[in-house]
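Peer 1: Sequence:
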Amino acid sequence: MLDPKVLDELTRRISKAMPATARNIQGDLEKNLRTTIQAALARLDLVTREEFDVQAKVLMRSRARLEQLEKQVAELEAKLQPGDRGGTQ
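Going left to right, the sequence shown walks through residues 77 to 165 as our numbering numbers them.
Keep in mind that the hints are not guaranteed to be accurate.
Pairs of lysine-lysine residues, derived as DSSO-like cross-links and limited to a Cα-Cα distance of at most 30 Å, are as follows [stated by the list, open to error]:
1. Lys81 <-> Lys133
2. Lys133 <-> Lys147
3. Lys133 <-> Lys107
4. Lys133 <-> Lys155
5. Lys92 <-> Lys81
Label-pair ranges, simulated between beta-carbon atoms [claimed, not checked]:
6. Ala115 <-> Ala154: 55 to 61 Å
7. Glu85 <-> Ala140: 39 to 45 Å
8. Lys92 <-> Leu120: 40 to 46 Å
9. Asp129 <-> Lys107: 31 to 37 Å
10. Arg125 <-> Glu151: 20 to 26 Å
11. Val82 <-> Gly103: 27 to 33 Å
12. Arg141 <-> Ala116: 17 to 23 Å
13. Ala116 <-> Lys92: 37 to 43 Å
14. Glu85 <-> Met136: 18 to 24 Å
15. Gln102 <-> Val134: 41 to 47 Å
16. Glu85 <-> Val134: 31 to 37 Å
The set of hints was computed from the structure by calculation and includes no laboratory data.
Please read all numbers here as calculations on a predicted model, not as lab measurements.
Even glycine gets a Cβ: it sits at the ideal position worked out from N, Cα and C.
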């Protein structure tokens, strides 16, 4: 989830950008903005940088393993001759 400090700063910036008449209700406005932003971000299903980095490493290892296995399959297929496949020709 988004850092609360970042959310507070974003809320403050949005409320400051509002017209002066809206600033009279700044407390309510900030509270409502914060709630709205939190709800919108929750729907985005965001992950933390740490979670992203962990999954990126898992993906890199998986890709490396896949490449290794593809190479092994290619080598085994190259060793097989058409008559070695158990079929009749």
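Peer 1: Are the hints correct? Go through all of them and say.
Peer 2: So, going through the hints one by one against the coordinates:
no. : hint                          : result
1   : Lys81 <-> Lys133              : holds, 29 Å
2   : Lys133 <-> Lys147             : holds, 21 Å
3   : Lys133 <-> Lys107             : violated, 38 Å
4   : Lys133 <-> Lys155             : violated, 33 Å
5   : Lys92 <-> Lys81               : holds, 16 Å
6   : Ala115 <-> Ala154: 55 to 61 Å : holds, 57 Å
7   : Glu85 <-> Ala140: 39 to 45 Å  : holds, 40 Å
8   : Lys92 <-> Leu120: 40 to 46 Å  : violated, 24 Å
9   : Asp129 <-> Lys107: 31 to 37 Å : holds, 34 Å
10  : Arg125 <-> Glu151: 20 to 26 Å : violated, 39 Å
11  : Val82 <-> Gly103: 27 to 33 Å  : violated, 20 Å
12  : Arg141 <-> Ala116: 17 to 23 Å : violated, 38 Å
13  : Ala116 <-> Lys92: 37 to 43 Å  : violated, 19 Å
14  : Glu85 <-> Met136: 18 to 24 Å  : violated, 34 Å
15  : Gln102 <-> Val134: 41 to 47 Å : holds, 45 Å
16  : Glu85 <-> Val134: 31 to 37 Å  : holds, 32 Å
The structure does not agree with the numbered hints 3, 4, 8, 10, 11, 12, 13 and 14 stated previously, though it agrees with the rest.
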